[in-house]
Each structure stands twice: as structure tokens, then as C-alpha cells.
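Asker: Chains as they are written, first to last, in my numbering: chain G, 1 to 215; chain P, 1 to 162.
If you're looking for bench data, these hints aren't it; they were derived computationally from the structure. Quantities reported herein were computed from a predicted structural model and do not represent experimental measurements. Hints are not guaranteed to be accurate.
Stated by the list, open to error - According to the in silico footprint, chain P covers these stretches of chain G (three or more CB under 8 Å from chain P):
| # | stretch |
| --- | --- |
| 1 | 4-10 |
| 2 | 96-108 |
| 3 | 124-132 |
| 4 | 170-179 |
Stated by the list, open to error - List time: in silico DSS-like cross-link candidates among lysine-lysine, alpha-carbon distance up to 27 Å:
| # | chain 1 | residue 1 | chain 2 | residue 2 |
| --- | --- | --- | --- | --- |
| 5 | G | 40 | G | 30 |
| 6 | G | 203 | G | 42 |
| 7 | G | 203 | G | 40 |
| 8 | P | 146 | G | 3 |
| 9 | G | 3 | P | 143 |
| 10 | G | 30 | G | 166 |
Think of the CB as a built atom: it goes at the ideal place given N, C-alpha and C, for glycine as much as any other residue.
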Amino acid sequence: MFKRIITGLLIVALSVGAVFALRHLKRPAKIAALPLSLEKMKGPVDALVKIEVFSDFECPACRAAVAEEQKLLTQYPGKIRIVYYHFPLSAHRLSPLAHLCAECAARQNRFWTFHDKLYGEQSHWAILANPLEVFLRFVRDEGLDLNLFSACLRDEAVRKRIMDEKQYGTSLQVNSTPTFFINGERFIGSLELNQGGTALIRKILGDPVEPVKPE
Amino acid sequence: MNLSNQNKWIAAGLSCALRIFTGGTFVFSGLVKLLEPYENFRGILAQYELIPHFLNPILAHSIPWLEFLTGVFLILGFSTGLAASLAGGLAAGFALLLAVSMLMKAGLPAHCGCFGQALALSLKQMLVLDLVNALSGLYLVLKPCKALALDRFFPDPKGGEN
Chain G
1 MFKRIITGLL IVALSVGAVF ALRHLKRPAK IAALPLSLEK MKGPVDALVK
51 IEVFSDFECP ACRAAVAEEQ KLLTQYPGKI RIVYYHFPLS AHRLSPLAHL
101 CAECAARQNR FWTFHDKLYG EQSHWAILAN PLEVFLRFVR DEGLDLNLFS
151 ACLRDEAVRK RIMDEKQYGT SLQVNSTPTF FINGERFIGS LELNQGGTAL
201 IRKILGDPVE PVKPE
Chain P
1 MNLSNQNKWI AAGLSCALRI FTGGTFVFSG LVKLLEPYEN FRGILAQYEL
51 IPHFLNPILA HSIPWLEFLT GVFLILGFST GLAASLAGGL AAGFALLLAV
101 SMLMKAGLPA HCGCFGQALA LSLKQMLVLD LVNALSGLYL VLKPCKALAL
151 DRFFPDPKGG EN
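Using the sequences and the accompanying hints, generate a full structural model.
Answerer: In C-alpha cells form, the structure reads like this:
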């Protein structure tokens, strides 16, 4: 019996050691934080709470999370800064185009309204074979310069920026959307943002900070 | 070789194949989660409405280790009976959670998150795999595979071959 227990403990110790060694070997290379894109930031730059969002425009869970983000901004006015990062999932066929259009809207300082339109009408455009017409309607509705927008769509630097943001997320081991980092702490999905995330925000802002009740 | 011997060989072969299959599945499933930040699995668990929220951090820390170590014990054939009971119990629990969530149309993630992001199986595929592993665990408890098993080196306290 003694020999069996010792062998068992040895197997457990070796297995745990192997996992830690693999964790160390598989750690993704650290990428320096990207220069902030001011157009994709919401809230004061010096806000106490910084929420970094890695999101995909075709992902329904990300659409659900937008309402949670908005709720937080309303509940804690001036206390939260949201930074958006593109994270188009490879399983989503239309995501690359949606992210490209959003980045081009950002170049004309209309990222957030475009973002809201993309999520607001996600169920409509996500089932189309080619949603470019819908996106161009958003461009016209927003009064964006169509020539600049078209040139932007062809700009390789814009595609690279999107992929750089995704790569930055991958280096942080983001692999599902939406992933939030609230002052560096990770939360996945709108439910976690609503529960653990809100609790953390209250803690950062100092309990008992009562949120402003939405009207 | 008479029919009785042939059946014994088939049963032993099946038992060994199931031990490796279930052990391998559990090692893979546990390892991919252990190599990712634990919050990724916690986030998947949060999407199952049937799991009380306060349990998510505990489960996200413990399930991957339990899966991994159970799988290692099964592959090595060490304490096979205990490891098979654990594997069968875990798989049956996962299958029950999936089936009840699907029947009640309770909150479910798009994929189960059972293999981290390494392999995205649909919920139905995962339910089938869980049922196979649950039955495999039961079979291994009843007919443990003794070939290439560490259990052969330890006398069975009940006086059996293991």
C-alpha cells in the first residue's frame, strides 16, 4: 500500500511538473502594447478604470456585451475608459470586411457610431452573402467621405493595423470574444463583465460607490 | 483458440483500447485548458446558466487538473479502477449538464469549451463523446485492462491479479 501511495504521488508530481514546464515553453511571445488609437477610445484618458475590449463584429455574444459596456459608462460617468481592439475570429466569414469598414470609419473619427450600427444591425448583415452594400449605407448615413473611405478599404496599412491588434490579443492569450481586461484583469463574455467585472470596478472606485441609476 | 478464449481476448483488447482512448481524451482536454489562462475556461463555464455563478472559479481551477490527472492515471494503468470511476463520473456529469441545458434551452455557449480553443466540438458531438466516455469508464471499472498497466506491479489488496 505504501509503495502504491508513493508511486501515485510521484506520478502526480511529475505530471504537475510537466504542465508547468509546458506552460513556460508555450508562453506566447510578449508584444509591446500597441500605440493607442484615440478614435477607438471612449471616456476620459485619465479614468481610473480602463476596459480593453477584444471583440468581433460578427459575434452575437459581442453584440450582447455592447449593452453591458454602455450600462457601465452610464452608471459610472467619467470614471471608465473603454479601448476597443479588433479581434476578427477566423470562423466568421464576414468579420474581416466589417472590421475593415469600422477601421476606415475610425480614420474619419466615426468609429463608435459605426460600431453601434454594425452591432445594432448584426442579425441583418451577418446573413447576407455580401454585406458591403449595407456597410456603404452606414457610410452614407454617417456622412463619411466616400472617396476617402474607398481608398482606405484598399489600404494595406489598415488591414495590417487590424491584424496587429488581433496579434496583440493573441499575445495576451485572448482566444474568444468578447474578452475584457479591466485594469489588466481578464473577463470573458457579457455575463462575467456584468458580474465579476462590475464588482471589480466598484472595488477600484472604492466601495461603497453606488452606481448612477439609469433613468 | 476456443470461442471462450477468443471472447476473452476481444474483451481485453476493447478494455485496453477504451483505457487509452478515454485516458487520452481526458489528458488532452485537461491539458489544453491548463495551458490557457484559467479565466478562459471560467468564461465558458459562466455561459452555462445551470452552474451557480459562485462555483465557476472553483470549477475552472479544479476540473482541468482533475481531467488531466485522471487521464494520466488511466493511460499509465495506475489505480485504473479509481481513475475509471472518476473519468466515468466526470463524463456522466458533463453529459447530464449538456443534456439538461439543451432540453431546458438554458444558457449554453456556442461550443462546450471542453477542449479549450484547441478543438471546437458542437454541443451534440460533445454529448456523444461524454456518453462514450461515461460508458467506457463503467466498462473499465468492471473489466480493467491489465496490459501495459502499472497496476500489475502492485498486489491487489483484495487478493486479485491487480
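Asker: Does each hint fit the structure? Answer for all of them.
Answerer: Against the structure, the hints:
1. 4-10: With 3 residues close enough to chain P, the hint holds.
2. 96-108: violated (count 0)
3. 124-132: With 0 residues in contact (Cβ-Cβ under 8 Å with chain P), the coverage given for the stretch 124-132 of chain G is violated.
4. 170-179: holds (count 4)
5. G:40 <-> G:30: The given pair, whose Cα atoms are some 23 Å apart, holds under the 27 Å limit.
6. G:203 <-> G:42: The hint holds at about 21 Å.
7. G:203 <-> G:40: holds, 26 Å
8. P:146 <-> G:3: It holds: about 19 Å lies between the C-alpha atoms, which stays within 27 Å.
9. G:3 <-> P:143: holds, 24 Å
10. G:30 <-> G:166: With a Cα-Cα distance of about 13 Å, the restraint between residue 30 of chain G and residue 166 of chain G holds, given a limit of 27 Å.
Of the numbered hints stated above, those contradicted by the structure are hints 2, 3, listed in ascending order.
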